[in-house]
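Residue numbers (the numbering used here), protein chains in the order written: chain Z, 66 to 367; chain Y, 691 to 1406.
Among the hints, erroneous ones may be present.
Said to hold, decoys possible - So the derived list for chain Z, only partly shown, Cβ under 8 Å to chain Y, looks like this:
1. T123
2. G138
3. V276
4. D278
5. G306
6. V308
7. V322
Don't read these hints as lab results, they were simulated from the structure. Here the structure is a predicted model, which is why all the values come from computation and not from measurement. From the three backbone atoms N, C-alpha and C, an ideal C-beta is built for every residue, glycine too.
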Amino acid sequence: MSKLAIEAKGLTRYFGTKPVVQQVNFAIPVGSVVGLLGLNGAGKSTIIKMLMGLLEPTRGSCSLLGVESMSLGPDERSRIGYTIEGHFLYSGMTVRAAEALQADCFPKWDSLLYQATLQRFGISPNERIRHLSRGQRAGISIALTLSSQPELLILDDPSLGLDPVSRRALNETILSFMEPGGRTVLISSHMLDDIERVTDRVMIMTEGRIVVDSSLSHFVSRLSIWTCECSEPLDRVQIPGLVSRRQVGRQSSFVVVDVDEDAQQVMYRLGGNTVRQEESTFDEGVMAYMSRSRSASSLIPT
Amino acid sequence: MNAWVRKEIKDSIRWLPIGMVLMVALIWYLLASQSPNFFAWRAESLFTLAWFVSAIFATFLGLANYLPETWGSARGFLVQRGLSLHRIFVIRAVVNLAVYLIAMLVPLGALAVFRFVIGTTTAPVSPIQVVPSVVVVLFSFSFYFGAIAVACRPCRWYGSRLFPLLASLAVPLAAVPILSLPKMLIVCVFAFSLGIIGMLLLAASSRVAFLRGPSQPAPSRTRNISLYEKCMMLAAVLVATVLVAVFFASIFNNSYSRVYHSVGFTKEGMPWLIETRYIVKNGSGEQLHEAKFAISESSEDVDSKPDVQALMQGIGFSYPWNYSENFWDMKYVGSFTSADGYPLHVMGFRGLLYVYQLDALQHSRLIAVVVKELVGDAGMQQAPFEQTPRLLTNGSNYPPVLTGLAFSDRNPSSTRKPLGAGSFTIAATDGIYYVDLDTSKIKRLLDSNVRAYSYSSVANGTSDSNKLAVWDGSSISMFQCEGSALNGPFQIGERITTLSTPTDFGSKLQSGDVQFDYRDPDNWAIAIGYSRRNMVKQKVEVARSIQKEIQHYTTTIPESLSVVNLNAMKREVLIAGSSIPPIVLATTGTIAYLLGDEIPELFSYLRFLVAQALLSGIMATLAARWRGLSARQVASWCAGGFLIGLGTWFLVLSIYPRAVYTKCPACNRNRRIEGEKCESCGADWEPLTPLGIEVFEQKNLDAEAIEDRIVLSQST
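In isolation and in its complexed conformation, chain Y is listed as follows (with noise of 0.2 Å):
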């Protein structure tokens, strides 16, 4: 067996060149393309370039390693011999699994050591940015073992053979959560348990393609289909079922844009959501649409209030998708940045703040890392610089303004207002701090809780910067502001008042965005809006105040004007999204319902579901009977295609091969080829018509006789 592995290692080894040439360019495509950019050296960028390297690399492994062996001569030689193909198999996956990850991490190892020991990039690196990447190759591997069975299956290139890297697909999902970190934490376990299963269930699928190997093609026998074997085509069929789904919907998805809310007030002081609508259809351009409603349930009709103003500007719901810290990242801190040589702070690792500044050619240069924990209680300190200059690089590509920032609850933020380039204030939670790296010292001006700031707004989203709102979660303290931020130190003055917020309004923060205006302490309004986890239900509450009352105002926002029933949300979505398995709409719709989502988008689909449901039963059906399995069988595809979808169509032809009939002399009627005995009448198969040129020296010769025969030449 030692000469096994030695020839396994040497067939492997020499495609280990291109696994990490593969690597390499994929670092490189990042250093040469984005180095300067912050987003390049986020760990999902580096997750998402290395599933994909990985995937390529695996699928390239495993075909590599077993297609050159489905033809005949050389399936014989390997195997005929007295080795199991069972430890073949291992020996080969054991191998192939170490030229991988030597392929794989060795140049993403090298990358996090570079980045993080030698240091020539001007961002904030650490080395564990890279585990998301490799826990993403270790479950990419599921390629390998799909790639196997496309070289193994004895199906058509043109048919099902390919399927098995759709299941392989499925396999590295399961590592997208940790990217989520801390906050999905039991669905990061949950997840990568569900990917260790379907990595074991795809290795055992393509031994089992394996060992019975290519010499099956049709027609043959309805051969005994390995459980394996099923799972991995019925995971394969969901991926891509899904897959065409969602690109679908996402083809039809992109006729609306973006939408905004705002809330304004009557004189009266009634509160009106005021939306708009951004809407791009196909690419004909940007279409304005605004709409105004009152948040009180009110049927007044809108065109009779003329005189609504929206006094607050840029109420929006924060998508999800738009931005996520992980763990993994590095914290932005107000990545307000021009041309004009205003520092960019970055929360980097360790608790390091990280201060960059552009020069006049674009290129972003490291000024300072400031070390927050070691600033005290004290209001003056100096400040433990660690002044590590390096490379100068582009920083032309610098991400969108994140303007959601301002009002995060858990990460230092930076006034919207740049400062020079050697001063600024940064909002951290436990206060507001002064930093003045040219004398190397941090202030603090203002020790109190913040869970969100923002300088008061006049009117019409223009602020006012001599009064700073700091937001502690249950209250509001406004504070007068002197100096100016650009020239000059700056000073957090008297506190002018207090206000009381409602108090769950800090528990809806997360999802959610914030208007406050200020006028005087008797009038002021908050607004909050939010959403949960789907877009469909979206929800505005108010609070306002007029002289000294306060008023609560809540509202949910028609779902005439939600993002589903957005006339650019076409009834072809609908149709795309409901061709995703029944069971899986059902179970993900009756978990959101649970969870509390008073009526899950998904039920929008149950029309189109149940019409799907009731055409795949019955085209699952036919494909059963059209591959001439038992009634048995047929019901139990029937019901499976009720479950599966549209899928199971291809879930059965791709499974069964195709049957083959020959007309039964006895009974003339279609038979099937590989049974012993006429489905129809029972009848054997009739013995050859003798051609009257046949010489047998012993006319049927049989097993008995020649056991006779033997025994009798023994004995004598």
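The shape of chain Z in the complex, shown without the other chains (with noise of 0.2 Å):
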């Protein structure tokens, strides 16, 4: 068996003449629960569905669970939970028809789980599905999934959408279903308090490439932010490492990565004695790269 749960290797991909996903690689062992994060577009959800098989690689491979992707069987698939982006469900069925689909499709249903699960929505089994509101949905589609008892679990984006009171429950049922240990996560998502609060591990993803490829902890100890009092115009600062930038009147602010010698003569140049550095947090250190997204060909070092 292997060790790996996900492997990805030169992942490509295009659509028409734009590489979407350039020569991604990495690598999830068993056990780990990774976030991987970016701004819409930058091209998280087209690799889960290369990873899931539902996507061929323009070039390089992808394998979960020691299987290529696009070979995946309904062995493998029925070790692997996966949430769609936007909770897609059958809605003519009723929410215990749903339940018997799918556990007609997977050995290990749990069903107690899955009551469970509802409970925490406050769902009905009777209800028919097109009837409820987007969290309840949410709410079934993470109890579909969960109550699989999948080894590998990979959620596209969970929170999409929903309430702050839906939300807590979908958190609260993932770090449920998590804390047995051994099982390996990749969540997808926008929510960074989220992603801090489950994961220990996370990847950025910027025009297709991945940038961070860390654990949390690394991360933010790669991170400095550093801020002055400049009237110079920003765009024409060029400092090695430069992650993002924020000009706010005449206060600026630099997220940098591995600050070295240069980078920090160029910003004592520019702010002189106002310039203060603060170590940077999760969410700051996220937020840069991926406002630096935003505007990156003018971050494009020389």
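Take the two lone chains and join them into the complex the hints point to.
Written as structure tokens, this is what we have:
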């Protein structure tokens, strides 16, 4: 049995002539909980679809539980849990019928867990899915996924469009699922506090490539925030390791990775005595990478 | 899996009413618009409409079940379960087939039961008439598989996405020969076999499309195209090409309408062929053209024989598509009818002769059913009539008069003279009978084989009702008739004479028509015109008795007067026809040649065929190179172009996704994005340029490193 739950080698995908995922390499060992972050269009869902065998890579390969993604069979799939972006369900069914359908396809089905998850979201088994709210549908979706007792769980933006109560219920469900340990989870989300809370490793994507693949603590330790008062237009500033910059009035702030002497010199030249250094938080670090994506063209280092 | 079966049943059964409504609408259409017309209840009418309806419903069923799952989320939800897609496909196919059959066959079955048992129509019907429709419904399930391929193949809607439906069209074509049973039994068996193979190929192709899913949008690596998909696309292209060719050919072909031939004789007794053409050019009106030429191989100028007269009228070559009786329908026996109350005779099923009468309001009414088999050799016998008057229906849409039936070799025929409503004369193969409905009696007037019969002609197409000619296949017997056919008993009197005809004339009756003229036992003529399968080579044979000496003439109508070379047959028709795939034309042409056609008309397309093959070979080569195929594949498709024709170009473009290139940094030449190495210089892809902001906890983390780490942690 492979010790790697997920592996991607040189994963590349084009849509038309546009590369949306470029030479992505990563490996997730069994038992890891990994967060996949990035702006909309960064390539997260494309990677997940390739992992799930729903999209064929243009180049490279990927595998789940040691099996090539495009060759995943029913046996492997019954060991994998996958919640789809938007929580697609057969809306004409009742909640009970949805369970019957799913239980028929997964040998390790846990009906008690299903019932418990439904209770957490306040859903009656006799209700028809099309009559439920978005949060309740998400609850059914996650219940259907988790009750199959998957070894590998892949969640594609599970909290998308949910209200805070539903989000909290969702997080509690996922956390309780991971409690026993030994289960591998890959979760893609925009909810940074959710990611920080449940994952021990994070991957950040910008423009189809992975720029961060690290544990949370290591990631935060490599970043620093520099602030100063500066009148010079920031778009002309070039700092080695600069992830992002912000300017509010005269106050400018820079998020820099692995600050070296050259970077410090540039900063002191800009701000003089007003320069201050702070440690970055997880949120700030991720936000820096994401906001960099928005204005990536002006940040390419020389 | 049971839950999945239940889900599929629930999903599919909701479409059941739509299918049933469609089929019921078809039946309603027949009932409402053409019910009194016997043609409406011909098996082939029902066959055509059943084909249409079942194709629509099968396509709808396939699209309704599969198209919603082509989008990412639905597809993901479907795929991600411990149930193989193959099993899902099979479950769906079985469930949908059941729904399809229920929707299509229950109305047809109800129709059969209703028509046969309850009987609300004036026409003789039988449940067996729905059999061809049932067969075409079964074969039309191919559209379901075609629709699945349409839904699942990752192609553009304005591209080749709908092609599988064209391939689906080819499968129900296999059901068509059933209409020609029992004559075409071998062809029917062969066609059915091909149809079943085609259906299986389509099913396999749609299965592959479903399994691979719609998630392979171009550009992608040149995926391995399954053999099934190639077969499907090939069939689609062939059907498309033939349809286009036939469409254009039919447009241009409409410029001529009819050609008639008759035989005339000079005073010296020399037969001449008189050809009359009615030509309609693009709806501009009918133009009459007439030509005359000697049947013997005389070089005499036509204009030098101005006194040629047609002694007989009406030699017209029977075109095979004009009227063909089949195994499933009732036989029309002299559909001579009018508003005057003359009876209409229809040979129905089980050997029953149905007699209908029109009333003043043009309604037909079944007045008697005659059981022919029970008529014995005795002259007069009580006829066991089955009186079953049914509903009055509108009889205004009766079919046109079928003039050729009088010489049918198999079916009983009525006299051409209309008789009174209460009595009529019918000619059966074993004799001629007089039926008196008022007294319920049948009298055999003539005990003889009747291959064909006619009142003898006098001149210019008028007939002498006092002389009846009966042809038993080898000789013609002339009888004196007595009494009026309209107003009293009809009697066949003494045999006047017996005339020997050429023995092989009878065998040519299947495809030709006959003229007969009788003056006296020493002066008569019989002429037969026929053609073999295609209408290019038409022949006329004449047996002429002059003063007890029988002369035999035969000639082939010059190609200048044949259908192909008529002025109306434009060159565009040849071009359109030649766009049919070369391999199809060559095969059919060769078969036609081997079967005895002297020069198949297909060979007329030869020059266009060669041009098409060359052009399509070049175009296929260009398309294959455009798609970035290997040299070997390009050569194969070039050869395919020669065989398949212009459709190959579409075939290559539809099978292979568009190739996408990018500049190779090593050699600065185009390379395909899906290749691991550059086709020109063999270089690998260069690693991405670092952005300078990467954070990797363990750089170049690869599988081996993780494995090592795990092993290390376990050991410690």
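Each hint tested on the structure:
no., hint, verdict
1, T123, "holds (5 Å)"
2, G138, "holds (7 Å)"
3, V276, "holds (5 Å)"
4, D278, "holds (5 Å)"
5, G306, "holds (6 Å)"
6, V308, "holds (5 Å)"
7, V322, "holds (5 Å)"
The structure agrees with every numbered hint stated previously.
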